[in-house]
Amino acid sequence: MAERKDRRDFLVGIGIGAGVVALGGQGIAALRSLVPNVSYDAPTTVKLGPPAEFPDGMKFLPEQRLFVFREGNTFHAISAVCTHLGCTVRAEALPRVETKEVGGRPLKLTHRFLCPCHGSRYEGDGQNVAGPAPRPLAWYDLTLAADDGQLVVDMARPVAHDFRLTIV
Amino acid sequence: MATLPEPSVSSPAPAAAPGVHPRPLWSLRPASDREAGDAIVANFLLHWFPAKALRASLEWRYSLWLGTVSAALLLLLVVSGLPLLFLHVPSVERAYGSVKDIEYVVTFGSWIRSVHRLSAHLMVAAVFLHLVRVFLTGAYKNGVGRGQHREWNWILGVVMLLVTLFLSFTGYLLPWDQLAYWAVTVGTNIASAIPLVGEELRELMLGGRTIDQPTLIRFYVLHVIVLPGALFALLAYHMWRIRKDGGLACADRAVALPAPAEVPPAATKTYSLLGIARGTHPTIRATSVERPETTVSSVPDLTRRAAIVVLGTMAVVSILAVLVPSPLEEPANPLVTPNPAKAPWYFLWLQELVTDTTFRIGSFTVNGAFLGGVILPGALVTLMIAWPWLDRSPASAAGRWFPRSRRTQNLVFLLIVLLVLVLTYVGLFARGPYWNLYWPWEAWPQLPTRI
Chain A
0 MAERKDRRDF LVGIGIGAGV VALGGQGIAA LRSLVPNVSY DAPTTVKLGP
50 PAEFPDGMKF LPEQRLFVFR EGNTFHAISA VCTHLGCTVR AEALPRVETK
100 EVGGRPLKLT HRFLCPCHGS RYEGDGQNVA GPAPRPLAWY DLTLAADDGQ
150 LVVDMARPVA HDFRLTIV
Chain B
0 MATLPEPSVS SPAPAAAPGV HPRPLWSLRP ASDREAGDAI VANFLLHWFP
50 AKALRASLEW RYSLWLGTVS AALLLLLVVS GLPLLFLHVP SVERAYGSVK
100 DIEYVVTFGS WIRSVHRLSA HLMVAAVFLH LVRVFLTGAY KNGVGRGQHR
150 EWNWILGVVM LLVTLFLSFT GYLLPWDQLA YWAVTVGTNI ASAIPLVGEE
200 LRELMLGGRT IDQPTLIRFY VLHVIVLPGA LFALLAYHMW RIRKDGGLAC
250 ADRAVALPAP AEVPPAATKT YSLLGIARGT HPTIRATSVE RPETTVSSVP
300 DLTRRAAIVV LGTMAVVSIL AVLVPSPLEE PANPLVTPNP AKAPWYFLWL
350 QELVTDTTFR IGSFTVNGAF LGGVILPGAL VTLMIAWPWL DRSPASAAGR
400 WFPRSRRTQN LVFLLIVLLV LVLTYVGLFA RGPYWNLYWP WEAWPQLPTR
450 I
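One line per chain: the protein sequences are A and B, in this order. Going by numbering that gives the first Met the number 0, the final residue of the first sequence carries number 167, and the count climbs one at a time with no gaps. Going by numbering that gives the first Met the number 0, the final residue of the second sequence carries number 450, and the count climbs one at a time with no gaps.
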């Protein structure tokens, strides 16, 4: 009799196990299907236009959420994406231009950056000075396009704060 | 060929089969206890209630009927949500336009949208106040030795509050206006602040690395199917638990009263209990629940009050929806963050928390997004869920407003509630452009809305 009971228990166990596997499989498949395999991102390398079109000082490019700075024939680019929670910071012109040692080189600061979402503040070189922002704003690599000489930003490549693109 | 005899008018009605209720009719105004019981057993919706309800649990002043108000608001949300479901187009190109059409073109569209929006706002408030009431009265506590598990229902309630909040969050994204776009930006970036799994979690929520069509459709499906379905399942379980736990905690004392003396039944009548138990006397012994001074028939005493609460809630929302229009911000614009960018009022305390909790230890920085957006709210929810096991007050404190034995914990709880309310107030009234603090009498500086 005990043998028979074991067999029943075994079959019940098989049944329950099959149910768990069936439902679990459906669940895993359903969840996995929601994890995207392809992300149709916008390109991170973008042509921004001929360098001559950039004014001395700062130009904001909303599409790229990017500030491009020009000092004579020297360029650098700072991200407008707040490092706290990703809102777009706004630039506020300083009453007078300050000069700061940035990355071992002097840099003219014409603006400071303020975030409308949680009040983070950044200096003109992107250094976070107040509010919840945990890191400075990112600096991105600038190059000149080989074909038409346009300014090109690579937003997948953050660079150190001593980065300058000088056009000769 | 045998023919069945024609039923004659004078022949007695045949006996009902076991479990079949003999009379299909029931009355909302029963003339006897028997009719009152019939109403519960014969009606599909009323079957939700017990036949007899304890007088104490119907008290206006005890429960304030906040759970019923929440359920009534949920009903309104479903009723107003259905037409919106036909009219809203969950596409990033067309969602904004379709909501604008609902607002300005569709007959009654603006009113229906207002009913939906106001019910959602009021439901967050009602569910929260319901939770506050349950905590302050210790209604998650069990009576002595009665095998109750009210702490499970408390957990269900906490989960339902979270589902309600998530329903609100997914709901205000659907117009795909500026509020929606930047709420998704901030909300999903809070998720991505979680170490190790954050980025994957954000990608799963967005359906990609950027906020786009997959994001909208994800939040849409959550809002119209997944979360309402979950909420209804939880609500059914919540109500069932109340029945299994013997009603509201305030009624435990009425049950503890001594049972009335048993009167031996005369053996001349045949009794039947719901058509299941038959015999010459009731097979279930009466307890104090049956005492006329502690119990009433659910129909009409419970149904009358429930109807008053549900109809009152509907009336208030319907009238408010005429008076309060629903705002629609500018279309979603990934290029410009509004200044200031504010969450709806019930998330402002979280917006304040993520603002105020970034701190630095030497060169190490703890991001407020993680501390204020994940750790602190997570700790609060964990504490709430664990509280029935941490509460050491006696069982007699259950179901009473402000009992002496629970004074300290009630004060601490109210202090936390007050803190949340203060943070909400600061976010709502004291935060101006660039999230700067302004006193109510200070004017905000005039700033260009675009650079």
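Watch out, some of these pointers could steer you wrong.
[Unchecked claim] So the derived list for chain B, only partly shown, Cβ under 10 Å to chain A, looks like this:
hint: 1; residue: A192
hint: 2; residue: V196
hint: 3; residue: A314
hint: 4; residue: P337
hint: 5; residue: A368
[As the list claims (entries may be wrong)] List of simulated lysine to any residue pairs, SDA-like, C-alpha gap at most 25 Å:
hint: 6; chain 1: B; residue 1: K341; chain 2: A; residue 2: P61
hint: 7; chain 1: B; residue 1: K341; chain 2: A; residue 2: P135
hint: 8; chain 1: B; residue 1: K51; chain 2: B; residue 2: Y61
hint: 9; chain 1: B; residue 1: K341; chain 2: B; residue 2: A190
hint: 10; chain 1: A; residue 1: K46; chain 2: B; residue 2: V335
hint: 11; chain 1: B; residue 1: K51; chain 2: B; residue 2: P337
hint: 12; chain 1: A; residue 1: K46; chain 2: B; residue 2: R208
hint: 13; chain 1: B; residue 1: K51; chain 2: B; residue 2: T209
hint: 14; chain 1: A; residue 1: K58; chain 2: B; residue 2: A190
hint: 15; chain 1: B; residue 1: K243; chain 2: B; residue 2: Y61
hint: 16; chain 1: A; residue 1: K46; chain 2: B; residue 2: A306
hint: 17; chain 1: B; residue 1: K341; chain 2: B; residue 2: A124
hint: 18; chain 1: A; residue 1: K58; chain 2: B; residue 2: Q177
hint: 19; chain 1: B; residue 1: K51; chain 2: B; residue 2: V88
Think of the hints as simulated: they come from the structure by calculation, not from any bench. The structure displayed is predicted, hence computed values, not measured ones. Virtual Cβ for every residue (Gly too), placed ideally from N, Cα, C.
Each hint tested on the structure:
Because the beta carbon of A192 of chain B sits about 8 Å from the nearest beta carbon in chain A, less than 10 Å, this interface hint is met. A cut of 10 Å between beta carbons decides the hint on V196 of chain B: the least distance to chain A is about 12 Å, and the hint is violated. Among the interface hints, the one on A314 of chain B is violated; its C-beta lies about 38 Å from the nearest C-beta in chain A, farther than the 10 Å criterion. At its closest, the beta carbon of P337 of chain B sits 7 Å from a beta carbon of chain A; the interface hint therefore holds under the 10 Å criterion.
Evaluation of the A368 of chain B hint against chain A yields a held restraint, the C-beta minimum of about 5 Å falling below 10 Å. Distance check on the hinted pair: K341 of chain B and P61 of chain A sit about 21 Å apart at the alpha-carbon level, within 25 Å; holds. Of the pairs offered as hints, the one joining K341 of chain B and P135 of chain A holds, with about 23 Å between alpha carbons and a cut-off of 25 Å not exceeded. Only pairs whose Cα atoms come within 25 Å are accepted, and K51 of chain B paired with Y61 of chain B is accepted, the gap being roughly 19 Å.
Distance hint between K341 of chain B and A190 of chain B is fulfilled; the C-alpha atoms sit about 18 Å from each other, no more than 25 Å. Of the pairs offered as hints, the one joining K46 of chain A and V335 of chain B holds, with about 21 Å between alpha carbons and a cut-off of 25 Å not exceeded. Annotation: proposed proximity of K51 of chain B to P337 of chain B is violated, straight-line Cα distance about 56 Å (limit 25 Å). Restraint check for K46 of chain A and R208 of chain B: satisfied, since their Cα atoms lie roughly 21 Å apart, inside the 25 Å limit.
Note on K51 of chain B and T209 of chain B: the hinted pairing is violated, with a Cα-Cα distance of about 56 Å set against a maximum of 25 Å. Proximity of K58 of chain A to A190 of chain B is assessed by CA-CA distance (about 32 Å); at most 25 Å being required, the pair is judged violated. Distance restraint check for K243 of chain B and Y61 of chain B: the Cα-Cα separation of roughly 20 Å lies within the 25 Å cut-off, and the hinted pair is therefore satisfied. Between the alpha carbons of K46 of chain A and A306 of chain B the distance comes to roughly 66 Å, so the proposed pair goes past 25 Å and is violated.
Distance hint between K341 of chain B and A124 of chain B is fulfilled; the C-alpha atoms sit about 18 Å from each other, no more than 25 Å. Restraint check for K58 of chain A and Q177 of chain B: the C-alpha separation of about 24 Å stays at or below 25 Å, so the hint holds. Of the pairs offered as hints, the one joining K51 of chain B and V88 of chain B is violated, with about 47 Å between alpha carbons and a cut-off of 25 Å exceeded.
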